[in-house]
Amino acid sequence: MFAKSIRWRMQLWQAFLLVCILSGFGVTAFQLQRTNWLRQVDEELERRVAVLSEDVRGPGPLRPPQGRSPFGPEPGFDRRHPFESGFDAGPPLEPGPGFGPGRRPRPEPRGPWIPPDEWPEPKDVQLSEKALSLFGSVEPGDYFYSIWSRSGVLLKRSTNAPPELALPERSEGDTRILARMREWHREAWHFTEMGDCVLAGRSIRADLEGMRRLAGLLALAGAGVLALGLGGGWLLAGRALRPVDEISAAASRISVGNLSERINMAETDSELGRLAAVLNSTFARLEAAFAAQQQFVADASHELRTPVAVMIAEAQSTLARPRAAGEYRETIETCLETAQQMRHLTEQLLQLARFDAGQELLQREPFDLAEAVQTAVDRVRPLASERGIAIQCDLERSRARGDTERILQVAVNLLSNAIRFNREGGAIRVRCSVENGAAVFSVADTGIGIAEADLGHIFERFYRADEARAGAGGGTGLGLAISQAIVAAHGGSIAVTSRAGEGTEFVVRLPAGAPAAPQSGAPDQA
Amino acid sequence: MRILVVEDEPHLLRSLAKALREEDYAVDTAAAGDEGLFKVESCDYDAVVLDVMLPGMDGWQLLERLRRSKLTPVLMLTARDAIRDRVRGLDTGADDYLVKPFDLSELLARVRALIRRGAGKPCPRIELGEVAIDLRSRTVTRAGQPVSMTAREYAILEYLAYHRGEVVTRTALYEHLMDESDDTLSNLVDVHVFGIRKKLGADLITTRRGQGYCIGP
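Going line by line, the protein sequences match chains A and B.
Numbering-wise, the first sequence is residues 1 to 526 according to our numbering.
Numbering-wise, the second sequence is residues 1001 to 1217 according to our numbering.
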């Protein structure tokens, strides 16, 4: 349930992202602060180591020989070989950060040059005023120092130096200033070119505790921001998703009973408003389809009830008393006729239902439309001559593709309408031709015509104009609807033009069949 | 009693007319709405059986036009059984409503009830002193003894009994007892009245000379 709810999923993703962002931010901020602080400490220590180193070396007999320098004398900064210079910071300081290249004033040149091995080992170190002022205090957190001779003998150390402080590990020839963290102390040291070791350090306990407090504060602030973010996100998600709940509630209220209900959305321009609009239009179409279906069912039951009423009334009134044989015969004939009417109606209803369901299987074969129309004309000719109606044919060979039987059904339907709604002694004109690549046939009569108000409805199921109702009976009101369904299933169209009192013309267009095999190719093919 | 049947389905119209005639009603028929309206406006029917779906003018319109001038009882016949159709029918002024397919005996019973109510005699039995008319079985008794009567005699007696206390003219009797296809001589009513007096007593029906007949005070 929770894992499937969008709100919960959004919440989880938000929590994940917030934790990532906040922890990334906190760790970075803490690291930057710590690095910065360490660099400051190291710079201070480095300065002190440099001052001490000068004192340790003393005014030794260091006189660089002329011309030894690859760079030559240079004002300002000492870039010479360490052996030639008084003191050189050398390459970048490692591992502690902040040990930039030594930038100290160049020391005064002293005495003649003596190789380092031959330098006398100092027995004692006299610290200069400057150095002493740097290690003046004994308060904790202040700086301490320790100096060892080349052979590892402790020469001097400040009183506040921690007692366990030992000579750092020595690496041969390395004269860089190095730094280390040892318990609560930060220490920097340096082996002079003569091999003496100078170390400066300070207790950083208070600073480390400060850093730890900073870390705690950062974590606390992060947690607060996380909680606020999650709470806000939860509320926002709820707000954003509330319309979804409203939509689903409204949609679930809409059922067969109240299809006319719609989703009521205040905001129509938002994404959810558009969703609601789309759903509403879907419901509208559903309602219309449902209403049409209901109308059809009501009409169908209406059409079936009347013949049933005839049969019941006829049978009951005949059975009410003894009758002569002729009367019984009459009743049975009426019942039979009515039953046949019902059979015709149910067949038509079934055919329409099959078209609606897309189950009516149509042949897709090329056939001669003129031939099919001619067959239909032959079939209705007796009916026409009964009413003295002349059928005039103008049939041009035209190939169409489709189901001959169904097209024949359309033609017979149109022709029998033309006969039924014609006047006595009227005429029917049937034409068949090829127009714009379509096979076309038309049936025009000189009958009662169709009123303009009815013209738009005649293809509707069970629609019958008053004239059609009053005219020759037996029409089910489905013939034109079926004809239209058949033509539409062929990908064709059926159109009607009519003038009340003058006549009606139906024009059926069907897609032409087999353009590659024209009339001349297979003239006898059915 | 004269009844108009308006129905466009020819078979149904024919069998309804036949069944009603066999009940000794005078029956006129119409196959379209406008024809029905013309007939109903030109003659006083005792009841109208009216289909809803009609060419020319549908049953609703006919009923509306009829109700502007007449109170003739109307039984609507329809194949639509939706409740709103029935409500509409009754609200437009129909007195009763029957859904197709119906039972013939029910239709006949409803027509009888309509005629009784239209005449203000909802009881299916009318007593005139020692003579009693059973409107349901269409039989007459005198002092408890059944009296056999012809259809015409019964129809005249029934009509006069429905209009007890009123003077009924010969024209009214003709109009209500004979349908449009009947072609009877006028003095035949007198012959039937004579027959009734012979069977039920001379003082049951009084003759108001120059006006018509009357039952009762």
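In short, the hints are calculated from the structure, not lab data.
Think of the CB as a built atom: it goes at the ideal place given N, C-alpha and C, for glycine as much as any other residue.
Watch out, some of these pointers could steer you wrong.
What the hints assert, rightly or not - Here are the computed lysine to aspartate or glutamate pairs in the EDC-like style, where the Cα-Cα straight-line distance is at most 20 Å:
hint, chain 1, residue 1, chain 2, residue 2
1, B, 1070, B, 1044
2, A, 156, A, 142
3, B, 1121, B, 1096
4, B, 1070, B, 1058
5, B, 1039, B, 1095
6, B, 1018, A, 330
7, B, 1199, B, 1134
8, B, 1199, A, 337
9, B, 1018, A, 142
10, B, 1070, B, 1095
11, B, 1018, A, 337
12, B, 1070, B, 1034
To be verified - Selected chain B positions facing chain A (Cβ under 10 Å, derived; list incomplete):
hint, residue
13, 1077
14, 1078
15, 1079
16, 1083
17, 1087
18, 1100
19, 1102
Now the hints, each set against the structure:
{"no.": "1", "hint": "1070(B) - 1044(B)", "in the structure": "holds (9 Å)"}
{"no.": "2", "hint": "156(A) - 142(A)", "in the structure": "holds (17 Å)"}
{"no.": "3", "hint": "1121(B) - 1096(B)", "in the structure": "holds (17 Å)"}
{"no.": "4", "hint": "1070(B) - 1058(B)", "in the structure": "holds (18 Å)"}
{"no.": "5", "hint": "1039(B) - 1095(B)", "in the structure": "holds (19 Å)"}
{"no.": "6", "hint": "1018(B) - 330(A)", "in the structure": "holds (13 Å)"}
{"no.": "7", "hint": "1199(B) - 1134(B)", "in the structure": "holds (16 Å)"}
{"no.": "8", "hint": "1199(B) - 337(A)", "in the structure": "violated (47 Å)"}
{"no.": "9", "hint": "1018(B) - 142(A)", "in the structure": "violated (133 Å)"}
{"no.": "10", "hint": "1070(B) - 1095(B)", "in the structure": "holds (13 Å)"}
{"no.": "11", "hint": "1018(B) - 337(A)", "in the structure": "holds (18 Å)"}
{"no.": "12", "hint": "1070(B) - 1034(B)", "in the structure": "holds (16 Å)"}
{"no.": "13", "hint": "1077", "in the structure": "holds (8 Å)"}
{"no.": "14", "hint": "1078", "in the structure": "holds (8 Å)"}
{"no.": "15", "hint": "1079", "in the structure": "holds (4 Å)"}
{"no.": "16", "hint": "1083", "in the structure": "violated (12 Å)"}
{"no.": "17", "hint": "1087", "in the structure": "violated (16 Å)"}
{"no.": "18", "hint": "1100", "in the structure": "holds (4 Å)"}
{"no.": "19", "hint": "1102", "in the structure": "holds (6 Å)"}
This entry does not satisfy hints 8, 9, 16 and 17, going by the numbered hints stated previously.
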